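Those protein sequences? They're chains A, B and C, same order as listed.
Positions 1 to 335 (my numbering) are the ones given, in order, by the first sequence.
Positions 1 to 335 (my numbering) are the ones given, in order, by the second sequence.
Positions 1 to 335 (my numbering) are the ones given, in order, by the third sequence.
Hints may contain errors.
Copies of the same chain look alike in the list, so a pair counts if it fits in one copy or across any two.
What the hints assert, rightly or not - Heads up, simulated SDA-like pairs for lysine to any residue below, C-alpha to C-alpha not over 25 Å straight-line:
| id | residue 1 | residue 2 |
| --- | --- | --- |
| 1 | K328 | P312 |
| 2 | K17 | V70 |
| 3 | K266 | E210 |
| 4 | K113 | D155 |
| 5 | K303 | Y49 |
| 6 | K317 | K327 |
| 7 | K266 | Q96 |
| 8 | K318 | G118 |
Hints in this document: simulated from the structure, not taken from any laboratory.
None of the values given here were measured: they were computed from a predicted structure.
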Amino acid sequence: MTMQWTISELTDRFNGKCLTGSPETTLTHLCTLDDGSPGGIGFFADARYTAAFYRTQASAVLVAKDFTPVAPVAAALIGVEDPYRTFFLLIEEVQQQRMAMQSCIEFPSYIGKAVQVGENIYRGAFSYIGHHVVIGKGVKLYPHVYVGDYVTIGDHTVLYSGAKIAAYTEIGSRCVIHAGAVVGSAGFGFLTHPDGSYKAIPSVGKVRLEDEVEIGANTTIDAATVGSTLVGKGTKIDNLVQVAHNVQIGKHTGIAAQVGIAGSTKIGDYGRLGGQTGIAGHLHLGDHITAIGRAGITRSFPKGHITLSGTPAFEHKKFLACYAQFKKLVPERKT
Amino acid sequence: MTMQWTISELTDRFNGKCLTGSPETTLTHLCTLDDGSPGGIGFFADARYTAAFYRTQASAVLVAKDFTPVAPVAAALIGVEDPYRTFFLLIEEVQQQRMAMQSCIEFPSYIGKAVQVGENIYRGAFSYIGHHVVIGKGVKLYPHVYVGDYVTIGDHTVLYSGAKIAAYTEIGSRCVIHAGAVVGSAGFGFLTHPDGSYKAIPSVGKVRLEDEVEIGANTTIDAATVGSTLVGKGTKIDNLVQVAHNVQIGKHTGIAAQVGIAGSTKIGDYGRLGGQTGIAGHLHLGDHITAIGRAGITRSFPKGHITLSGTPAFEHKKFLACYAQFKKLVPERKT
Amino acid sequence: MTMQWTISELTDRFNGKCLTGSPETTLTHLCTLDDGSPGGIGFFADARYTAAFYRTQASAVLVAKDFTPVAPVAAALIGVEDPYRTFFLLIEEVQQQRMAMQSCIEFPSYIGKAVQVGENIYRGAFSYIGHHVVIGKGVKLYPHVYVGDYVTIGDHTVLYSGAKIAAYTEIGSRCVIHAGAVVGSAGFGFLTHPDGSYKAIPSVGKVRLEDEVEIGANTTIDAATVGSTLVGKGTKIDNLVQVAHNVQIGKHTGIAAQVGIAGSTKIGDYGRLGGQTGIAGHLHLGDHITAIGRAGITRSFPKGHITLSGTPAFEHKKFLACYAQFKKLVPERKT
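Next up, chain A with everything else stripped away, as it sits in the complex (with noise of 0.2 Å):
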């Protein structure tokens, strides 16, 4: 699929203003400066990117209204208000164009009894959908989706191929589900028998995820022994992340990729989690919580806007002055 555009629709649309190269050049393709080819329009709003803006093979290159360049661009320059937010806009608009694409049934696919589907949706080939489930307007199941019996979907939620919802989870709307996640798997606990063998809680309570949460690619969402696992609206969540089972995530928090987040843990509203941080379990962590990557938080944190690092973490600007220290325990040798 290719996007189309003149440099002259694009002024227009825009209010912007070709300024160099000819205004009925035609795009097809976003890019880079670095990765620039013919065809392709990319942006530069920041001189970082200078020596890249200079020797790009793009086709054309958003700037600024009143940007004039120093040297010789191959380039067409098209001047506009604000370079990156209007390149954003093209984004959104071959994104767009992208998702509107499947709106249909492949076969075979697989559809139980007593099954609710709003209009409008996606059911890709080979996705399989249990009995008594719920599904909103506009959903796009894409192939190898697994959904279990009971689960319930909202409107305009987007399940990417081979992400798995267990049975009984409940699914807000606008939210975005990546390949491979796995929503409501049983949650790790168990009761230790006097020989030190195990016997398995079964969980019996599910996962509830708000409006507009998104799941990285293969991150794993336990649920609850009794009750809700819950992650708050707008909370996002990259890959490969663990949430243990009755965690409890609140709103617009954001958690980068490879974070572990062990039993009963409550995490408040507009926290962020760097890369690969861990918590352990039955902790509270108050509201504008950061934890830098690879924290590992060992204790309760109620009050928030504190920032995190080291294991067990403290408070991150002494972690530094402290590992500052650490680094001269060994006199540094001349060599």
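Based on these hints, arrange chains B and C on the given structure of chain A.
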């Protein structure tokens, strides 16, 4: 699917007593005290949940036989010998009813040549069974499960949606393989050519899981180069764990989420590895080893009953004492 | 499937000599010395395995031509020039026979419009090929593989069960994508609204894997926002690794399990990243970088031939020396 109990049925079954409320109250689901709702039954056995108990919206709560509330409670109270144990029996009852639902063949599903399949199994839609596979009785293969050629699976083992079992894998009885887990992928081993490029060492061995092993969602267990990667009886592995080729794990060991175990390492019986622990290759850890979450184990610890933390890991209490000094490397500022 | 060799066939092929035992002994499988069983052939080339050698249950063992046992051995001994190399050739032979088995189309499988497919490919049951896809010759798509629209895949590349390749991805020749890997998922990038909520930045770029790249089981590689996330020729990536959007990795770099690489970081050629290493975003690591397992790299290291550990990471030997002092921050108690 909904359970249905009346309070009087429960008091009959568990030799309990309806302390307050109507014995004819109908209960439809299990709940926590915090998450209580009409029709829900919870339990109260720990003073930390006292506040939740007195404000619960559950219709009934299991309490100790001699319990007397000190304030009004909306819920009916059911006195039993051991509230937690009784609640656990109800959890198991719900789980058993859920798992009992599925014992059939959904279409389309794929089955190869020369396959032996026991009685009473579930083969979900889009499940795949290769050639020369042997599957015991009562096995459940959820939708999108992949079972490669020459695999054997013991009685009553459950494979959740999208679990992938590579050719030649041996799985015992009463195992649980959670959604998206990969068992038997090729090991990560390479010869280095003189020019620095790699040549893969094929994995022509296999994975062997003994009875009652549990493998978490999206966990990966690599096949041995030659011989077997082994997970011993009753060992439980959580989500997103990596077990490399030729690793051998003993019996009744618990391994939390995101642990990584490098190639050819041996771990004994009754170990406990906290989340995100990493273990280097070719090590030998004895029985009863405990690793605190996030430990990085870089040498063998043949004797057991030791608790490790830090990277490189050493004895946990000593680590904490050193870390306390580390935090004092910079004097505390008054702010 | 079983291989069949007699000892005399092997001595003929490898210019070897049957030192003890019958040349007519039939061998059916490869084994380790520890895991030996009747019909098995192992090798003995390292004195650390002497005890295992003398008690092995294997039927035959490859040894050096001039080897003389110092005690009775049950196994037949086959003298060859280089026992390990000969054993490796047998491993490759088994692997080739296994892989040769599958070259066919199983049903049902899905194929879109305007697809070009080369000769001699395997399309497993429930595999999905979208529209406008180009697939080279000898490619293997195991069951449940997903290939999105406009993907290109070079000759002799293998995609194991449940691998998910998002639209627009470019995969070279002779690559191996292991089970459950996700290539081309959306990047984790967001704009923050003034109220603290997030707006996703779509990924309209792609992933490009050059020739002979290997991607581990359940590993995730995100598509670029614009342009390409790149993995260079011959680079090998293990299981459960996260490669974020717009990362660029050079050639012949080895990346062990559970490594995480944040957005827009560039890594050079011939690097080696130990398991669970984390690398922050927007960094530049030069050629020949080595990270010890679990390193946390937070700044650029443009010059190569350095070995890093710790978080934040610095030179490995210096880290170990400082850590030795850290362990002395608390005096050793006599117990």
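Verification of the hints:
no.	hint	verdict
1	K328 x P312	both (21 Å within a copy, 14 Å between copies)
2	K17 x V70	within (19 Å within a copy, 77 Å between copies)
3	K266 x E210	within (16 Å within a copy, 36 Å between copies)
4	K113 x D155	within (20 Å within a copy, 29 Å between copies)
5	K303 x Y49	between (40 Å within a copy, 22 Å between copies)
6	K317 x K327	both (15 Å within a copy, 12 Å between copies)
7	K266 x Q96	neither (35 Å within a copy, 29 Å between copies)
8	K318 x G118	neither (53 Å within a copy, 60 Å between copies)
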